[in-house]
Amino acid sequence: MLTIKISEFTEYTESGLKEYLDIQNETDFKIIIRKECNFPEYPKINIANEYHLVAYSFSLLADISTVFSYFIPSPYLKKAFFCIISTSNMGLMAETLFTIIKGLYFPDPVFFELFKDNMNQYFEKLKNDNKYCRTAGLLEIGNAFIPEPDL
Amino acid sequence: MTTINLKDLWDTEKNEIYQILLNANDVEFNIITECYRSEKDKGTSDWSFFVGLEYYDTLYIGHELFSIAETFAVYIPDTNMLESIRFEITIRDMVLFTEYLYYLLKGNSLDKINHPEKQTDFLILKQQFHDDILNNKAVTYNSFTAVHGILNLYNEWCDKSSL
Chain A
1 MLTIKISEFT EYTESGLKEY LDIQNETDFK IIIRKECNFP EYPKINIANE YHLVAYSFSL
61 LADISTVFSY FIPSPYLKKA FFCIISTSNM GLMAETLFTI IKGLYFPDPV FFELFKDNMN
121 QYFEKLKNDN KYCRTAGLLE IGNAFIPEPD L
Chain B
1 MTTINLKDLW DTEKNEIYQI LLNANDVEFN IITECYRSEK DKGTSDWSFF VGLEYYDTLY
61 IGHELFSIAE TFAVYIPDTN MLESIRFEIT IRDMVLFTEY LYYLLKGNSL DKINHPEKQT
121 DFLILKQQFH DDILNNKAVT YNSFTAVHGI LNLYNEWCDK SSL
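Protein chains in written order, with our numbering: chain A, 1 to 151; chain B, 1 to 163.
Just so you know, not all the hints are guaranteed correct.
To be verified - Computed spacing ranges between beta-carbons, pair by pair:
#1 41/A - 93/B: 22 to 32 Å
#2 12/A - 10/B: 44 to 54 Å
#3 83/B - 43/A: 28 to 38 Å
Derived by calculation from the structure, the hints in this document are not laboratory data. Just so it is clear, CB atoms sit at the ideal spot from N, CA and C, and this is done for glycine as well.
Produce the entire structure from the sequences given, and follow the hints as far as they go.
Structural data, given as structure tokens:
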């Protein structure tokens, strides 16, 4: 199994990622996304955003995988998120990883905003199509931490 | 982090469980639940049956552990894998932890002869929990939220099984 810490691949292009994956010759992957926020050190909205973004990122990976397992860390700890996937399609894997890296780590906020828009559309579509979310455990914690609006 | 495999403790008495926890001298525990499926069930209807039963039981175990834990995390393996759901919890009160583990172990075991009363309570409370889930409108981080990943898979399983 090949472990990929997403934050260590921010300098890679999509083709660079593909090249890297091809050289590794693996089909089982552990994908790690580091956790930046924990409650109550960070405000609720940060916790909500982080869980939603990871839920979306892992859902994208689940969609291209034949096997998908995932870890739902406590919102009170800074223990990393991870999922374990199997895929033999390295082209699709590189494309998906690059999408996630761009959305989460590229300094230009345009990429982050686009990633968030796509995330909202993705979850909206699941809801409208009455489909089960593969990362519901993360999504639900994100929802629980959305602050109640001030009245 | 100390690993506790529930499958290894079904017949363990309460004082022994307490001793195991004390000897661990730890506050972080990795609780491995039982995977009811086995290799021989692959491709049979038993596989699907055991998957559903496992989600049903594990949901309740997770809910109970959440209620006593300082922190609570879940690992959910792919349904097609022969791997158990596991919970990572932080807990400092070993007396309380012993009580809960003993309750969960006796309740979920088939030891009806030695502990019929424990299992009856367990089954009633487990059913109560599942009834509560149906009516839950959680907006705060609670046990329903914490075990939602398993609940989601259980609901999906029920849909597929037309339950």
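Each hint, compared with the structure:
no.: 1; hint: 41/A - 93/B: 22 to 32 Å; result: holds, 24 Å
no.: 2; hint: 12/A - 10/B: 44 to 54 Å; result: holds, 48 Å
no.: 3; hint: 83/B - 43/A: 28 to 38 Å; result: holds, 35 Å
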